[in-house]
Amino acid sequence: MSKNEKRSVLVIGVSKLGAEIANYESLNGVDIAIVDINEGAFRKLDERFSGYKIIGNALDFSTLKKAHIEEASDVCIVTNDDATNIFLTYLVTHYYPNKKIILRLNDEKKIKILPKNQNISSICPSIYSFKEYLTESKK
Amino acid sequence: MNILICEGNKEANYIIKEFRRLHHNIVVINNDYNVSKFLSEQNGIDVINDDPTKEFALDNAQIYDFDLVIALSDKDVRNFLICQMAKQIFHIKKTICLVSDPEMVNIFVSLGIDAPISASKNLAEVIKGELDLDSIVKTLSLENEKISIIEVDIKSNFDCANKMIKDLNFPSSGSISCIFRDPNVIIPHGDTVIAPNDTLVIVSIASSEKEIINFIKKGKND
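Residue numbers (numbering that gives the first Met the number 0), protein chains in the order written: chain A, 0 to 138; chain B, 0 to 221.
Hints are computed from structural coordinates only; laboratory data are not their basis.
Among these hints, one or two may not hold up.
As the list claims (entries may be wrong) - Okay, the calculated beta carbon distance ranges per label pair: (1) Asn33/B to Lys64/A: 32 to 42 Å; (2) Phe169/B to Ser120/A: 55 to 65 Å; (3) Tyr51/A to Ser174/B: 53 to 63 Å; (4) Phe60/A to Phe169/B: 33 to 43 Å.
Said to hold, decoys possible - Capping the alpha-carbon separation at 27 Å, the derived lysine-lysine pairs in DSS-like fashion look like this: (5) Lys36/B to Lys115/A; (6) Lys138/A to Lys111/A; (7) Lys120/B to Lys154/B; (8) Lys115/A to Lys217/B; (9) Lys111/A to Lys74/B; (10) Lys92/B to Lys108/A; (11) Lys93/B to Lys115/A; (12) Lys127/B to Lys217/B.
Said to hold, decoys possible - Heads up, incomplete: computed chain A residues facing chain B, CB under 10 Å, no partners named: (13) Ala82; (14) Phe86; (15) Ile122; (16) Ile126; (17) Tyr127.
C-beta: ideal position from N, C-alpha, C; glycine also.
Work the whole structure out from these sequences, hints included.
Below, the structure written as structure tokens:
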């Protein structure tokens, strides 16, 4: 994607991280859609959030289609479950190639089984927390 | 064969029994303490009570280069993860898993799982086979519906009855693999004569199933 083209982000999972990403991107004027199976999870979104909210199971193609996955340039897969995030990463890579994928992994050891693809990057909370610890402990 | 069995409950127990009877080497990992205890007591084997989606659990189980992993969790994505870890980190040759959502069977295959099995899909296939036509024909699909096994009872008015197989001009997309002539099982050759009341077991390309059934059922005067 060229830098001039408008980004559009699909967030899967209204976890705390998912909500943060959605709120941030929405306030920055990025087209955004966010999916969660649980309607109650959407209350984590900011009042000013102006994207699409889709209630449904992201493991169903019909939900992904409702969330306009074809049009998304980036897909953030950030549910609380590693197995779901890894499966969706495989699914999106295979059926909707050439999208930037950012996934959350609680267990960083699972990075090595992700599809070998330069468009995929992972966020591991434990690694970031440890980096924070190192910074804090040196203060 | 060296086989790793992950998760599952009663179905795991049955599979463990069957494979042990056939003298395979079985390693069992189950995340549920009570189920692990049950499987261990039932089979007189050690069961590793740990999470098979964690690398260290699989590592402890020493399953490198095993022949087969069978993932039996009731969560499809968990089975997917177990199979991918087994394949990519531990180089297990073949991956088989349960899927609860029949739609997932083809998706799992496209994402690299060798044999996803949907109980509901298989059940529907068996029911369809049992209901087929006028109950003289039963069918079963294998390899994700690419291969059909057809079982047909031969009636005396069928054109093929009392003829040698080599004289039938049998469709090339199928083959008569076996004949059940109570109480005997016959492996047929070209000069085997098909007799009324025989049950033919035919293996065919799935897309030719109807053609073969029609060929066998063709009457003498058709």
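Hint by hint, here is what the structure shows:
1. Asn33/B to Lys64/A: 32 to 42 Å: At 41 Å between Cβs, range holds.
2. Phe169/B to Ser120/A: 55 to 65 Å: Cβ of phenylalanine 169/B to Cβ of serine 120/A: about 57 Å, so the range 55 to 65 Å holds.
3. Tyr51/A to Ser174/B: 53 to 63 Å: holds, 55 Å
4. Phe60/A to Phe169/B: 33 to 43 Å: holds, 42 Å
5. Lys36/B to Lys115/A: Violated, at roughly 39 Å.
6. Lys138/A to Lys111/A: Since the Cα atoms of lysine 138/A and lysine 111/A sit roughly 34 Å apart, the hinted pair is violated (cutoff 27 Å).
7. Lys120/B to Lys154/B: Distance ~31 Å between lysine 120/B and lysine 154/B Cα, so the pair is violated.
8. Lys115/A to Lys217/B: Violated. Lysine 115/A to lysine 217/B sits at ~54 Å, over the 27 Å cutoff.
9. Lys111/A to Lys74/B: This hinted pair holds, its Cα atoms lying about 22 Å apart.
10. Lys92/B to Lys108/A: Measuring from Cα to Cα gives roughly 21 Å; hence the hint holds.
11. Lys93/B to Lys115/A: Since the Cα atoms of lysine 93/B and lysine 115/A sit roughly 20 Å apart, the hinted pair holds (cutoff 27 Å).
12. Lys127/B to Lys217/B: At roughly 22 Å apart (the allowed maximum being 27 Å), lysine 217/B and lysine 127/B satisfy the hint.
13. Ala82: holds, 4 Å
14. Phe86: This interface hint holds because 4 Å falls under the 10 Å limit.
15. Ile122: violated, 18 Å
16. Ile126: violated, 16 Å
17. Tyr127: violated, 20 Å
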